[in-house]
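Fit chain S to the given chain P structure using the hints.
Protein chains: 2
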Amino acid sequence: MDSKQQFLDKSSEAKEIFLPHLSADPVIFGFDNNELKVLLLKMNYRKQWMLPGGYIRKDEDLDEGIVRLLKERAGVAVSYLEEFGVFGKKNRSEFYFEDFDETLFQKQRFITIGFYALYNATTLHPVADEMSETCEWIYLSELPEIELAMDHREIIEKALLTLREKISIKPIGFNLLPEKFTLPELQKLYEAILGKELNRGNFYRKIKNLGILKKLDEQRRGGAYKAPDLYSFDEENYKKALENGLNNW
Amino acid sequence: MDSKQQFLDKSSEAKEIFLPHLSADPVIFGFDNNELKVLLLKMNYRKQWMLPGGYIRKDEDLDEGIVRLLKERAGVAVSYLEEFGVFGKKNRSEFYFEDFDETLFQKQRFITIGFYALYNATTLHPVADEMSETCEWIYLSELPEIELAMDHREIIEKALLTLREKISIKPIGFNLLPEKFTLPELQKLYEAILGKELNRGNFYRKIKNLGILKKLDEQRRGGAYKAPDLYSFDEENYKKALENGLNNW
Chain P
40 MDSKQQFLDK
50 SSEAKEIFLP
60 HLSADPVIFG
70 FDNNELKVLL
80 LKMNYRKQWM
90 LPGGYIRKDE
100 DLDEGIVRLL
110 KERAGVAVSY
120 LEEFGVFGKK
130 NRSEFYFEDF
140 DETLFQKQRF
150 ITIGFYALYN
160 ATTLHPVADE
170 MSETCEWIYL
180 SELPEIELAM
190 DHREIIEKAL
200 LTLREKISIK
210 PIGFNLLPEK
220 FTLPELQKLY
230 EAILGKELNR
240 GNFYRKIKNL
250 GILKKLDEQR
260 RGGAYKAPDL
270 YSFDEENYKK
280 ALENGLNNW
Chain S
40 MDSKQQFLDK
50 SSEAKEIFLP
60 HLSADPVIFG
70 FDNNELKVLL
80 LKMNYRKQWM
90 LPGGYIRKDE
100 DLDEGIVRLL
110 KERAGVAVSY
120 LEEFGVFGKK
130 NRSEFYFEDF
140 DETLFQKQRF
150 ITIGFYALYN
160 ATTLHPVADE
170 MSETCEWIYL
180 SELPEIELAM
190 DHREIIEKAL
200 LTLREKISIK
210 PIGFNLLPEK
220 FTLPELQKLY
230 EAILGKELNR
240 GNFYRKIKNL
250 GILKKLDEQR
260 RGGAYKAPDL
270 YSFDEENYKK
280 ALENGLNNW
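Protein chains in written order, with the numbering used here: chain P, 40 to 288; chain S, 40 to 288.
Isolated chain P (complex conformation) (with noise of 0.2 Å):
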């Protein structure tokens, strides 16, 4: 079908069901490979990468529908997103439609919410919906050779330094790496986050002394050097930090 009629066929129930003027955009960032990855579709229409955003329907409250669009647009169920920016800029998708006249529901002015999430990306098998050719994780070292639409690539970047910011007040990873894994994918995990290398005696001493990490009586086998040992999480505890904090003062 075309593309630009896909929107069109849209439009009215659109109207009926959603908010006027109001998206939200969810980021979903996994780890693979040592590297972070983000989930992005493609549009049928345009052909640019984006977010697998949407809007929020009239009956639901804004938690639900960034929950419900994600699942509709890139089948993965994620049960919490943590809001990080709203993007407000008066014409900041005006050109997106301007294959369009001013009925179209999409083509309205929209201030959209970023939420995000952080997945083992093994485990999530993203599914792109019937206005996507395809819906994938792309790795950030990808990211400036695509085309992104919109300020799709200003709401990626501002959500990752946010995940910057929450790494010193927060443990982080339980989501992302494996029930068992070595202190260097750890600081590999640390490192694609804050975007630098670290230290590896005082990234091991910080990160113990958090109390967060179990020491598993299990080595990872199979390497050339002397095996590694194993680790988890110790689930109490990590708790206890997200919610405290990781408490600096």
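Keep in mind the hints are simulated off the structure, nothing from the lab. The reader is advised that the hints may include incorrect statements.
Any copy, or any two copies together, can satisfy a pair, since identical chains are not distinguished.
Unchecked claim - Within a straight-line C-alpha distance of at most 25 Å, the following computed SDA-like cross-link-like pairs (lysine to any residue) qualify:
no.: 1; residue 1: Lys110; residue 2: Lys129
no.: 2; residue 1: Lys129; residue 2: Ser51
no.: 3; residue 1: Lys54; residue 2: Arg131
no.: 4; residue 1: Lys279; residue 2: Arg203
no.: 5; residue 1: Lys278; residue 2: Gly250
no.: 6; residue 1: Lys254; residue 2: Leu225
no.: 7; residue 1: Lys205; residue 2: Lys219
no.: 8; residue 1: Lys97; residue 2: Glu193
All values reported here derive from a predicted model rather than from experimental measurement.
Relative to chain P, chain S alone:
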């Protein structure tokens, strides 16, 4: 004038000017007498306390809107506010306007965006708008005693929580303290934000390590004890720390 009539008078103009379904609420924190306070107004209608919030014009950016409406409602000029949360429960304000019918602009469902800023309370002089009986600073310790409209208590609590998190990442105090201050005064500010007492030795050591303070060749005179040293913020290092964060990793 009848306070209900004031709403009715505003409704049809509001429909022309403002985006529907979207509001913004500023939480302005001040610091005074070793305590945090927040800027609130009491509207003529219902006489409940509330944040000096309002609506966003169709023709302005969201960031412009929050600055404009704060000026209009509270008479204070604040150049920058930071977004900290979005409040999107579908029934968050439905009871507030129960005296009105559905045609009232103000009665529709609003998703509100929370912004905060920190100011030296002695430099901002609030002036109530025509819809309000008063607009003034209220100490956080007084909040349990007063009636707050809608979900504004939850909004203030989330702003305070955000401030507590930010204090681990960013320096705080530049706008809240007078230009020259003593270390005990700075510690009181940190304690007010964190809601707990801090060990003096640890606090002095950590705050000095941040490199954001400049010790002045002056002491606070007039007390009964040994005159304490005065400090000011090293503006350049403070700005750097704001941009780069306090770098815990």
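Status of each hint after checking the structure:
1. Lys110 x Lys129: The answer is between: 20 Å across copies meets 25 Å, while 28 Å in one copy does not.
2. Lys129 x Ser51: both (23 Å within a copy, 22 Å between copies)
3. Lys54 x Arg131: both (20 Å within a copy, 22 Å between copies)
4. Lys279 x Arg203: both (20 Å within a copy, 16 Å between copies)
5. Lys278 x Gly250: Answer is within; shortest intra-copy Cα gap is 11 Å, inter-copy 32 Å.
6. Lys254 x Leu225: Within one copy, since 13 Å is at most 25 Å while 40 Å is not.
7. Lys205 x Lys219: Classified as within: same-chain Cα gap 23 Å, cross-chain 31 Å, threshold 25 Å.
8. Lys97 x Glu193: Classified as between; 22 Å across copies, 27 Å inside a copy.
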